[in-house]
Amino acid sequence: MPNDKCEHLLDDLSFYLDGKASEAVCAEIERHLETCQDCRVVVDTLNKTILLYRDLPQPSLPDDVRSRLYQSLNLDEFVNRADS
Amino acid sequence: MIETEAELLTRLQTNDKVAWADFLDLHSPHVYALALRLMKSEADAEDVLQETFASAYKAINSFEGRSKLGTWLYRIAYNAAMMRLRRPDAETVSIEDTMMAEDGRLIPKQLFDWCCLPEKEFETDEVTDKLEQAVRDLPDKYKSVFILRELEGLSTRETAVALNLTEGAAKVRLHRARLHLREQLSPYFTDLAEQGGYNA
Ligand SMILES: [Zn+2]
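The listed protein sequences correspond, in order, to chains A and B.
Numbered per the working numbering, the first sequence spans residues 1 to 84.
Numbered per the working numbering, the second sequence spans residues 1001 to 1200.
Simulated from the structure, these hints should not be mistaken for lab results.
Take the hints with a grain of salt, since some may be wrong.
With a straight-line cut-off of 30 Å between C-alpha atoms, the simulated BS3-like cross-links for lysine-lysine are [as the list claims (entries may be wrong)]:
(1) A:K48 / A:K5
(2) A:K5 / B:K1141
(3) B:K1171 / A:K5
Far from chain B, by Cβ distances over 12 Å, these chain A residues were calculated [what the hints assert, rightly or not]:
(4) E7
(5) S14
(6) E23
(7) A27
(8) E28
(9) R31
(10) H32
(11) E34
(12) C39
(13) T49
(14) P59
Positions of the beta carbon are idealized from the N, C-alpha and C atoms, including for glycine.
My request is simple: use the sequences and hints to build the entire structure.
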């Protein structure tokens, strides 16, 4: 990051990408992006990073782990209730 | 019939087994996902999962309903995970602050624009593994905020309550988590782009 302006704007990039930055801040960022290639790359790849995580599948709870959890609370009789 | 939280809570507090089974059905996948991402092994994640619900069971009568049940449960799970990670026999190596500038801020160093790789390059199991690994490698204080806010979909406020932070701190940590992740993932995607001949 070449200069102080870039660092200064960096703190607001999440607000900017989440649509939570004020109009003045958005304008300032957009003006800077017109002339700063490095910040454009950071904004593009930060945005893509956020989007990739939105699509990340939730890890699943394995059946055996789930069964042992129900057993640990004396709820064995309910483990397979959805199937019946 | 849709049950309110207050109704579920009342049933849980009277030790209604069906209510507890409902509660487990609803929340155990989320608690496990959090535990899996915080802990270093599936066995540890399972221990945290069981401890979380055992603690909730013991504490349910003192729960006053000031937050959502789910938020309360995430807080118990997070605390259980941290207790376990700090045990003397647990691995305590932290990469905390290794990417920080002197004042604790993260300055982007990876400056290749890989965002416009074809979509199919992002849709592989390998990428999913990279994304999960990058979360695991985050410093704990950023990791927990990122998981709850971005992966579990809590609001900033709920995230702050679950982790005992101010909303301002949660926002700053979320931003730093994202910057870390971008930095961690960039070399991998840059390689993919170069191998595929996609030069930005
Ligand atoms: Zn710049």
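Now the hints, each set against the structure:
1. Pair hint K48 of chain A plus K5 of chain A holds up; C-alpha atoms about 23 Å apart against a cutoff of 30 Å.
2. Proposed proximity of K5 of chain A and K1141 of chain B is supported: the alpha carbons are some 27 Å apart, at most 30 Å.
3. For the suggested pair K1171 of chain B and K5 of chain A, the alpha carbons sit about 21 Å apart, so the restraint of at most 30 Å is met.
4. Listed as a non-interface residue, E7 of chain A fails to keep its Cβ farther than 12 Å from every Cβ of chain B; the least gap is roughly 7 Å.
5. Separation of S14 of chain A from chain B is inadequate, the least Cβ-Cβ distance of about 4 Å not exceeding the 12 Å criterion.
6. With a least beta-carbon separation of about 19 Å from chain B, E23 of chain A lies farther than 12 Å from that chain, consistent with its non-interface assignment.
7. For A27 of chain A, the shortest C-beta to C-beta distance to chain B comes to about 20 Å, beyond the 12 Å cut-off, and the non-interface label holds.
8. In this structure E28 of chain A is separated from chain B by more than 12 Å, as the shortest Cβ-Cβ distance comes to about 17 Å.
9. At the 12 Å boundary, the C-beta of R31 of chain A stays outside the reach of chain B, the nearest C-beta of that chain being 19 Å off.
10. With a minimum CB-CB distance of about 14 Å to chain B, H32 of chain A clears the 12 Å threshold, and the non-interface call stands.
11. In this structure E34 of chain A is separated from chain B by more than 12 Å, as the shortest Cβ-Cβ distance comes to about 16 Å.
12. The claim that C39 of chain A is not at the interface with chain B is violated, since a C-beta of that chain comes within 12 Å of its own (minimum 9 Å).
13. Separation of T49 of chain A from chain B is inadequate, the least Cβ-Cβ distance of about 4 Å not exceeding the 12 Å criterion.
14. Remark: the non-interface label on P59 of chain A conflicts with the geometry, its nearest Cβ contact in chain B lying 5 Å away (cut-off 12 Å).
When held up to the earlier numbered hints, the structure conflicts with 4, 5, 12, 13, 14 and fits the remainder.
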